[in-house]
Amino acid sequence: MSRKIVPGCVSTMIWKKRFFKETCCQCGASDTEIQNEELENRGKVRKKKKKNENKRVIISNLPFGSKKWKENPNRYYDSNEIKTTKYTILTFLPKNICEQFHRFANIYFVFIAMLNFVPVVNAFQPEVSVIPICVIMAITAIKDAWEDFRRYKLDKEINHMGCYIYSREEHAYVEKCWKDVRVGDFVQLRCNEIIPADMLLLYSSDQNGICHLETANLDGETNLKQRQVVMGFSSQDTMYEPEFFQNTIICEMPNNDLNKFKGYMEQPNHEQVGFNIENLLLRGCTIRNTEAAVGIVIYAGHETKAMLNNSGPRYKRSRIEQRMNMDIFICVGLLFVMCLVGAVGHGIWTGNFWQHPPYDVPDRNGNFVSPVLAGFYMFLTMIILLQILIPISLYVSIELVKLGQVFLIHNDIDLYDEEADLSIQCRALTITEDLGQIQYIFSDKTGTLTENKMVFRRCTVDGIEFSHQENERRLKTQKELDLDNEDFAKLQHFTLPPTNLERSATYKHSTMRPLRRCQSDRVHFQGHKRNRSVGRRDSNQSQVAFSSPIEKDVSPDSRLLRRVQEAALQTESFSPLIHTKTSTSFTDFFLALAICNTVLVSTATEPRQRVTIPPPIKPSGITLERINQIFQRLKLASLSQSFSSSQSSSHLGASYSAKNTEEPLAVLESCDNETNCSASSRGQELQDKGSTDIGTASLDEVFRSATNSSLPTDFCYEAESPDEAALVYAARAYGFILVSRTPEQVTVQLPQGTLLTFDILYTLGFDSVRKRMSVVVRHPLTKEIVVYTKGADSVIMDLLDNSAEGNISIEKRLKRIKERTQKHLDYYARDGLRTLCIAKKVLNEDDFQKWANFRREAEAAIDNREELLIETAQHLETKFTLLGATGIEDRLQDGVRDTIVSLREAGIKIWVLTGDKQETAVNIAYSCKLLNQRDTVFTINTENKETCESLLNLTLEEVKKNYEYNKPQRKFFGIIPTSFSVSEAPSPEFGLVIDGQTLNIIFQGGLEEKFLELTQHCRSVLCCRSTPLQKSMVVKLIRRQLKVMTLSIGDGANDVSMIQAADVGIGISGQEGMQAVMASDFAITRFKHLKKLLLVHGHWCYARLAKMVIYFFYKNVCYVSLLFWYQFFCGFSGSTMVDYWQMIFFNLFFTSVPPLLFGVLDQDVSAETLLRLPELYKNGQNSEIYNLSAFIITMLDAFYQSLVCFFVPYFMYKDSDIDVSSFGNPINTISLLTILLHLALDMKTWTVLQLLTMICSVALYVIFSVIYSAVCLVCNPPTNPYWIMERQLKDPVFYLLCLITPVIALLPRFFIFSLRGTIGASLILKAQQVDKLPKGQQDLEIQKLRSRKEATSGAPVASPASNYDLDQSINHLCVSPFLYPATALSHGDTENQGVSASDPLGRKTHEEGYYFFNKWAEEESAATDSSAGPFFGHHPLVPSRETAPGQDGGKLTKDYRKNFNYGSHRRSLSSVTL
Amino acid sequence: MENKKASFLPREGEAQPSRCPDNSAFKQQRLPAWKPQLTIASVLSSFFLTGAFCLTVGVCLVLSANSVREIQIDYSDKCSDCSKLRENTSNWNKECHCSVNFTLKEDILGDVFMYYGLQNFYQNHRRYVISRSDAQLLGRNVNIQRSSCAPFSTYRNGTPMAPCGAIANSVFNDTIDLFYNRNSSMIQVPLLKTGNSWWTDKNVKFRNPESYNLSSAFAGTARPPYWQKPVYLLDEENERNNGFVNDDFIIWMRVSAFATFRNLYRRVQRVRHFAEGLPAGNYTFQISYSILSDSLGLLERCREMERNLNTLLSDFPVTRFKGRKHVILSTVVWSGGSNPFLGIAYLASGTAATLTGFVITGIHLKLRKKKTYFQKQ
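Chains A and B are the protein sequences, given in the same order. Under the numbering used here, the residues of the first sequence are numbered 1 to 1474, in order. Under the numbering used here, the residues of the second sequence are numbered 1 to 377, in order.
Worth flagging that the hints you see were computed from the coordinates, not collected in a lab. As the structure is a prediction and not an experimental result, all values here were calculated from the model. Worth double-checking, as some hints may not be accurate.
[Claimed, not checked] Quick look at which bits of chain A chain B covers, simulated, 3 or more residues with Cβ under 8 Å:
1) 364–376
2) 1287–1294
[Said to hold, decoys possible] Some chain B residues judged to face chain A by a derived CB distance under 10 Å, without partners named:
3) L31
4) T39
5) N120
6) N124
7) V129
8) R140
9) N141
10) S153
11) I167
12) T200
13) F261
14) N263
15) R267
16) V271
17) A345
18) I360
[What the hints assert, rightly or not] Anything over 12 Å on all C-beta distances counts as not near chain B; from chain A, calculated:
19) L93
20) G1134
21) T1136
Glycine residues also receive a C-beta, built at the ideal position from the N, C-alpha and C atoms.
Full structure from sequences and hints, please.
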């Protein structure tokens, strides 16, 4: 496998070698001296480094063979072997014990155990007391060891992954393990290989010295990143020869900043070449699109940026645990009090004797201690006696229970995503129950709520809207298709690399290399239909950028397709009669879609192999002249509709269109009339050209060549942003297929099958200032220089060329097109689509040359180059001709709506924190029911603190007013039946939209409290344009100030900080790599899984654990107080009536398993009911099960029960000849029964397991006691239980006692339980009752419960019927009128300012919106398509809505009147999401 | 737990094709389960059934407890003369008797048990409870110095005490005899010395060291300082009741749970007049304190210790710790002694349960009415 030098390069290599030898010879002896000097210097540097730590010096390893290794300065650096284990076999014990002592409780227990060995406390069996803590620590240690072993195995796997390192001996790259990679080594990487260490890129097979990198494993970004070969090395176009590397690399010390790196390279001639992060290949990334790359290792192993970033899972403490720790302190207090009582009591008791009675035994030396001292000693004795008041087993039990809970969550089939073959991953094992207490959810938008799959939905060309209903239908059926395919997917058990929980993603490709070949075959075989899932399954590398069929297969709109075909024909025929402007703009539109992007093309058969040259068939026959011939030929055959086999779908489309007779004829006519279009001249020109050169090729020939050229059909498009790809796919659907792209050329296949290769003159990339991108190309046929631009509508619309050189009709037409397009855009925006405008501009040669010079200057400029570049871009991007606009759907994930509605009903506030634009975010919020159309939405965008403050104040006032206004209404609602309240207009709720800048001001200006107050009144909050830092700041603010439980969910690297800031972080694994997953506590695959995770598992986990914790406290207090009560009867001497072993086993074995099982398995309400009644979640939110009052009540109950358990036997055996152990035995038995029965009362679900453990616990106790008291003659000296159990088992009194005591002890509890069921039935109880009902009745009952809830709370849940009509009631995205003056004050907020300045205009657009809307609805209804959209049939509601606010009072009417904001929410698309 | 952990492991290796969780009832938490519900029917039935059951049992218990005849005589003051006598150390070797008369108004039929009762004697004191060596009592030759017997383990000269420890040392040593005054003649009621302790104690837990005779078995040991005679002279008449296996000793060694307790002392042998139990009539308890024997010449050491420890040497002096001594004659039924508590507890809880049942019924009826009223609206 060693990679020898490619033969073709040999000659140059030899030449180079010679050259270098010469130079070396010239240097001669001095060279070695210098080297030595350098070495010394480096040694010093190394020493110095200890002090200042800011430099790292690296030289090539190659001069240092195995012998001279010691001289290598690189030897000090970490090797690439990684070791994430905490322990080794030797250090395990001490280290682990140390670690365990970090837990306070362990120290306490060890302290207690030590105390046992102090003689004065008269411990019975000091050795025995060590057992519990030993067991506990041993269990923990085993757990730790197991985890560490897993890490070890994983490390080993990673360390043994292979890579190619240059070897001096063999003069070639030889395969070695990752762990053998050293700093200073030369590593060669091939396409799709994972980078083993941080390396400086020295060579890339790319001519431009570019290496493409996929950093998904690192930062979650799926787009390809470019890395540049270090300057000076890029010129090499041959294989790089590491042996000549003489430079010294000086760079910064290892750090974890993924985006920063700098250093310089010192050449032997002391010339310095700088490099930065652009030249660094990071460990864990994957090489893409680059055949080979060579780099020198800079950082290895733990010093790599990837490893430094991988801080591993954090230890989080759940809220229950926090609460528990507090209660433990209460217990400590209780313990202290008990001990004090014992101590004082003993002191007094001892002091009462004037003579020492015979039972007061002196110490070993026959001396008596004074009462005070005796009291003190007794204090210590009592501590060890009552130590189990602090439940020693609690921590271990909780850990075990959580493990069990995690296991069950992990195995939930509902949370399994078949497509990704991924189940939920629980990365944090300690916070399962926090899932049941979430109050705030902070969600990312892209990829979390949405699929991050951009689907082309609609477009408008030339002012004509094409609704793409076929596409819509396809999207609907796609799901079913997917379902069908799943079975098939299940069958193909292709081996998978294990995805482990911790670092899976970074290295999971490793083991798969040998399989790659067959995998790619497989991909090919299956075609693109299942590409996505197959890719996931088989080769991870293909998962990222290949789009799913949903995105790829766009069904063309039949009308549009016909148009396009017509247009194509027309362009070919060039008949002046039917030649129209429309036709060219149709072609141009799709050309623009196909060209104006930065999409890279690769073929499906060779994933990630970039297609840079058009398929080989093309250049052979078809030249430009040839095409012209074909054009000419086609002209003759213009009546023929069929073009090529690939066009078969067009027939389908045509047949659809036959049905779809409705056409905006007016538009067509208008277009037909205006034949005098600007492009006509071009057409004329072409025609002339074509007519002069009539080819001789027959028509058949032409067709054959056309079909031939379209052979390599299955292209994969890799785009920086998914919407680019969506557009390219859309263009493809209409036959404009992007075939290849190089920096210089782009080739597009036209519907006719011809290939057009455009020369790319310039590409003006997207930036957030311009909000658009452009390509400047030279049309191959017309030789025109054309600028194609796509960008946000707000920007493009302003750049359009409105004047048509005096031609009024054209001007009018353009205006009309613009207006229509704008209307369509607005509609798209309301529909939640991302909109993009496509425009073009034809430059004449002179203008272009002028501009190009200008541009070149800008590029060469040193000072403010960026600004100049933008300026030049803006200079070019003017006076566009609008081609059309597209609507791309950022598809909501499945079930997002339902999930959000459910979570909202569960009382969770959902915030969306997104880096996206406000409009997009608002749209998504509406479409996923985060905002209701009825809601009043406040938008606060400002850059000024004062403005912000006044805005906040005003808004608050408004909100409060509304609340007061609504209050009496609510009460009213409480009484009247529900049916009545529905007819009444429900109180508007509030939404808040705020942008990142404003957030910054709020944080800086100390306006947090106001902001919080406002947000608390808001149903949902949207933070747009927020940076990752702001996201985390928001989360922290809420978490800290409101003391609420927060959950963050996100999928990308930008969500990491937010995920980490929240109490519970959830990562969505899938689209955007693993970064979010790495930082998260739970990783799910779809947003909808959140519903079950929270509502069911969260609820269960919380209920289970809370009950278990409470139970543990109860258990220990109950048991320990038994001993305490006895002190009153033994002179506070610290006697126990229970055998010590029995006592220990009581907690460790007899009563431990049932609560554990309870904690893992109990279900208070069934999953179905929990999902159907989200309100049940509030139980956990309000910490209803485990709070202070619950704790106190439980404590009191525990005291009561222990009193019963003690005093019933006490009175029973009082004044009898009972001995200590015989008294203790029934007490022990009774308390066991009581404690278990107590649990049984709490248990809501009895499966076989629970029943079995219950019975087993009792049986174990009895058996153990019988055996123990039969065997143990002298085992545990002071208390001797010999034969006691046997004797008592024969005694009817014992049974009677064991029967009555638990009854007395539990009677009050049972009474209260039954009263609760009768009187104040809580929702949980109701739900439990619902569970019992048969299916049909359940629905009815749930409906009843819900309606009751609605009636009482007055907060209406949007009923399904009313959901849709709200969708299109556009006027509800309203902002209170008071915002006008306020925004007028704000500086820099162009959007609102613009609106406030032109209020009448805003109103106008608003009204027009209505007009437009109704028009729209008519159009749609005319289409006689039932699936036309949710708004169909609802439009009559709209006007009525306008009148409706009148009832709400004057204030609201004002709102509506001045309602404006939607108009300003222009859509625009950003191809970069922050 | 084990298999849980095992299956929780992310499936490693390439043998696992799909990570799809098993669709098993356990893993999906769909095990068939019984979900108890506190419906009115179940609640009421449970309350009433419990009530009925408790009441029945309670009545039985109370009845049976009432059938127990018991007589308790405090003799701590009666024999104070002896104590006083003994307090003067010069009289240490004088024999002392005291007697207590009482009358049985009716016959005590059946097996009659004679207990001695002590009040305020904290046998359950922690240090007292510890102070014994079970191994020694098992007849094993153990180094009792390492046991928890100290300071009652060895004398200063190293002679180990047999038995060691404070419990053994403070053994109850009053001798109580019962006389039946019949026609002015005193008939000694025949009392059984043996068979009073637990069979297991007598035969398993307590064993004399193996030897050809007892005195040689205990050779090399000394009696506890408070004792008047060595352990092998506890019952010279009955070899099987001597040494460690002496019933009185065994019973004493079973430390009592409370400060007020009774220990079985003798059983009335049901022969002749007493075949049916104790007939009604006048009876006399005669309590005697035996003479200390100074066979080992350790008396001086004892004296010394006594001064230090305020020990008792002869009788069982309870006045020092404000205690009382009783003699108790009682019969026994299946439900224990005369203590009616259990019966009362059953009766009380039975009543409580029944009452609660009624209360709940009342509440339920009231609420249901209201509910229907509500629903009608």
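Structure-based check of each hint:
1. 364–376: holds (count 3)
2. 1287–1294: n = 3 at 8 Å, threshold three: holds.
3. L31: 4 Å, holds
4. T39: Cβ of T39 (chain B) sits 7 Å from chain A, so the hint holds.
5. N120: Status holds, d = 8 Å.
6. N124: Constraint on N124 (chain B) satisfied, holds at 4 Å.
7. V129: Because about 5 Å separates V129 (chain B) from the closest Cβ in chain A, which is inside the 10 Å limit, the hint holds.
8. R140: At 8 Å from the nearest chain A Cβ, R140 (chain B) passes the 10 Å test, so the hint holds.
9. N141: Since the shortest Cβ distance to chain A is 14 Å, the answer is violated.
10. S153: 9 Å, holds
11. I167: 9 Å, holds
12. T200: Hint on T200 (chain B): holds, closest Cβ of chain A at ~4 Å, below 10 Å.
13. F261: At 6 Å from the nearest chain A Cβ, F261 (chain B) passes the 10 Å test, so the hint holds.
14. N263: 5 Å, holds
15. R267: 13 Å, violated
16. V271: Violated - the Cβ of V271 (chain B) stays beyond 10 Å from chain A, reaching only about 24 Å at its closest.
17. A345: Where the cut-off is 10 Å and the nearest Cβ of chain A is about 6 Å from A345 (chain B), the hint holds.
18. I360: Holds - the Cβ of I360 (chain B) comes within 10 Å of chain A, reaching about 6 Å at its closest.
19. L93: Non-interface label stands for L93 (chain A): nearest chain B Cβ at 21 Å, farther than 12 Å.
20. G1134: 5 Å, violated
21. T1136: About 8 Å separates T1136 (chain A) from the closest Cβ of chain B, which leaves it inside 12 Å; violated.
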